[in-house]
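*Asks:* The opening position of the sequence shown corresponds to residue -12 in our numbering, with each subsequent residue numbered one higher.
Incorrect hints may appear among the rest.
Using C-beta positions, here's what the derived DEER-type ranges look like [unchecked claim]:
(1) Arg215 to Arg241: 49 to 55 Å
(2) Leu334 to Leu295: 21 to 27 Å
(3) Leu232 to Arg320: 52 to 58 Å
No wet-lab data here; the hints were simulated from the structure. Keep in mind that this is a model prediction, so the values were computed, not measured. Backbone N, C-alpha and C fix where the C-beta goes; we use that ideal spot for every residue, glycine too.
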Amino acid sequence: MSAVSAVLITLTCILVPVSLLTVWVHDIALDTDRYVSTMAPLATNPAIQDAAVNRITHAVDVKVDGQAVTSDLAAWLQSQGLPPRAAAAVKSLGPKLDDAVDQVVTQAATRVVHSDTFATVWTQANRAAHAAVVQALTGHGRGAVQVTDGTVTLDVGTAVDRLKDQLVAAGLTPAEKIPDVDKQLVLFQSDKLAKARGAAHALDVLGNWMPVLTVLLGAIGVVLARRRRRALVTTALGAAGACLLVAIALVVARRYYLDHLPPAVQSPPAAAAVFDTLLHFLRISLRTAIVLGVVVALGAYLSGAGRLPRAVRGGADRAAYSAARWGDAHGVRTGRAGTWTDAHRRLLVLVVLLVLALVFALWNHPTVLTVLLLVLVLLAVLAVLALLAASGRAGADRAAQDGIAQGGAGPGGAGPGGAGSAGESTAE
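Turn these sequences into a full structure, and let the hints steer you where they fit.
*Replies:* Next up, the structure:
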């Protein structure tokens, strides 16, 4: 492997996870439709719902002075002849009245959050909030999600207003006097957010060009290598290893973040749900790259000249030829198609590989299942080509055997003379 090839392959392995990060920033974090579709399922996430219920309940904060109400009621009843002991018992109901009001508010907030209303509010707020997420990463934009000092908050004011209306309709008139208080639900907080803006802007500018550049550098590195097949295996495994390291780093970063949540974050489970959802596609991309790297390395190795690859390919060819002979014996023949496939098999395999590579490149955000599906398609096509080629060889062998048999029935064994000559010769 030349020095230039080694440098390019090393650079490719490093740039593969960086390319996945640029795609995530460009297509997920800064794309409104995909961001909304990514965050929408959180409306039914139990951790988010619990955090929303608590925040809405605290925002509503219906003030009913249970002690004052029960004291007034006890005084009035005592003036109507209620015994002092009974009046004291009525006064003691003040704390229970406060608890009952809190339960009513919590139940109403739970109904609001678990209804389609909250899902609609959540989706609309996140769509409007995308500009603020862009602001968090690039320093530009505003929305329902506010970003201040690295803190990302969601305005749940609409849900609070719905809850107030429901409480008033249920007869809890003090809810009419709920003031316009803070209605922000903290989703994410990090003092590193502002520092990441420059890197996020650079990744957004690179966008989808980084993967193309990475593939080109890797291809040039493999072509310039003295042993190209080994270079391809090295590149694929190196890229997979780099993606694995990044995936492990994400796990460590998640644990560190959740273990060091600032007081501003009101619900650690909700923060974990937001973190996991926002990085979901990046994790999938890393896993896909790891599986793809292993598959490419394995394919390149099995196409080599080593003892094991030759044994595997030889076993597959013998199995295909046995199946073709069995089919030929039972009248299943491919004729010229099999002969042509046998003659152009390598070219056909190369075309199939190029087509599948193009399909993978054009696939919108491929996953591990995408890689496995394309591998299954490749194996199926290779099996069909192997059977067609084997059928062509079986047909050619059968024709050759028929020609030999017909030649044996000619002058050498046509009649008694031939037999007599053979006998005479034997006798001699």
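*Asks:* Honestly, which of those hints from before does the structure not fit?
*Replies:* The structure conflicts with hint 1 only, although it agrees with all the remaining ones.
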